[in-house]
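Novice: With chain X held as given, fit chain V onto it using these hints.
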Amino acid sequence: AQSVTQLGSHVSVSEGALVLLRCNYSSSVPPYLFWYVQYPNQGLQLLLKYTSAATLVKGINGFEAEFKKSETSFHLTKPSAHMSDAAEYFCAVSEGPYQTGANNLFFGTGTRLTVIP
Amino acid sequence: DTGVSQNPRHKITKRGQNVTFRCDPISEHNRLYWYRQTLGQGPEFLTYFQNEAQLEKSRLLSDRFSAERPKGSFSTLEIQRTEQGDSAMYLCASSPRTYNEQFFGPGTRLTVL
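Chains as they are written, first to last, in my numbering: chain X, 1 to 117; chain V, 1001 to 1113.
Looking at chain X on its own, in the form it has when it is part of the complex (with noise of 0.2 Å):
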């Protein structure tokens, strides 16, 4: 089974700040781990996405996240904030490369970016 955790409902950053939204964990097999971000009224849009290659994925929009089994962590960065960061960003876990079935997404319940200018 797979399951997230977002620590933090709420990250509130000065604009040109660091971003960091922290994600872990848990799949009994091995993953695959997704970001994605949720501007209001608006679907999902993937930023990036780790699926076993190199532990250190860089996304769009400046976004990196580093995969970390020993932690169990898939947290995301960004050196700089923008205004146009303001949103609502997920971590998802599915099954990776021996995913079976419908391998769909296991979401956390999301981070909510406020960047004050």
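Capping the alpha-carbon separation at 25 Å, the derived lysine to any residue pairs in SDA-like fashion look like this:
id: 1; chain 1: X; residue 1: LYS69; chain 2: V; residue 2: ARG1097
id: 2; chain 1: X; residue 1: LYS49; chain 2: X; residue 2: HIS75
id: 3; chain 1: X; residue 1: LYS58; chain 2: V; residue 2: GLU1101
id: 4; chain 1: V; residue 1: LYS1011; chain 2: X; residue 2: ALA87
id: 5; chain 1: V; residue 1: LYS1071; chain 2: X; residue 2: GLY101
id: 6; chain 1: V; residue 1: LYS1057; chain 2: X; residue 2: THR109
id: 7; chain 1: V; residue 1: LYS1057; chain 2: X; residue 2: PRO97
id: 8; chain 1: V; residue 1: LYS1011; chain 2: V; residue 2: LEU1061
id: 9; chain 1: V; residue 1: LYS1057; chain 2: X; residue 2: SER27
id: 10; chain 1: V; residue 1: LYS1014; chain 2: X; residue 2: GLN42
id: 11; chain 1: V; residue 1: LYS1057; chain 2: X; residue 2: ALA1
id: 12; chain 1: X; residue 1: LYS49; chain 2: V; residue 2: GLU1028
id: 13; chain 1: X; residue 1: LYS69; chain 2: V; residue 2: GLU1101
id: 14; chain 1: V; residue 1: LYS1071; chain 2: X; residue 2: THR100
id: 15; chain 1: X; residue 1: LYS49; chain 2: V; residue 2: GLN1050
id: 16; chain 1: X; residue 1: LYS49; chain 2: V; residue 2: PHE1103
id: 17; chain 1: V; residue 1: LYS1057; chain 2: V; residue 2: PHE1074
id: 18; chain 1: X; residue 1: LYS68; chain 2: V; residue 2: GLU1101
id: 19; chain 1: X; residue 1: LYS49; chain 2: V; residue 2: PRO1106
id: 20; chain 1: X; residue 1: LYS49; chain 2: V; residue 2: GLY1003
id: 21; chain 1: V; residue 1: LYS1011; chain 2: X; residue 2: VAL37
id: 22; chain 1: V; residue 1: LYS1011; chain 2: X; residue 2: TYR39
id: 23; chain 1: X; residue 1: LYS49; chain 2: X; residue 2: GLU64
id: 24; chain 1: X; residue 1: LYS58; chain 2: V; residue 2: ARG1097
id: 25; chain 1: X; residue 1: LYS49; chain 2: V; residue 2: ASN1030
If you are wondering where the hints come from, they were derived from the structure by calculation, not from laboratory data.
Specialist: Just chain V, lined up with the frame of chain X:
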């Protein structure tokens, strides 16, 4: 841009009415998923199609819910005898199977009065 599309975007209905939503996945994506997202929560899996076959259903999918994907193209999700607890955003996603990267539509927001 031929992303995932969903219709309608918003639906307001009275309790007890039936509603149907449509999802058009990215062409050639053989996998299609439905998720439900309630306020303040992440999306939760409802059901999965591979081509036209509905292969998995979540415990969240009560017998008032039914989904189809005729001919393996678009999909419909019907809710019969809607209840206020059905109010949520219903998201559709499609996947080409590669790394299970799922592409989401904009969602249909259902409000049951």
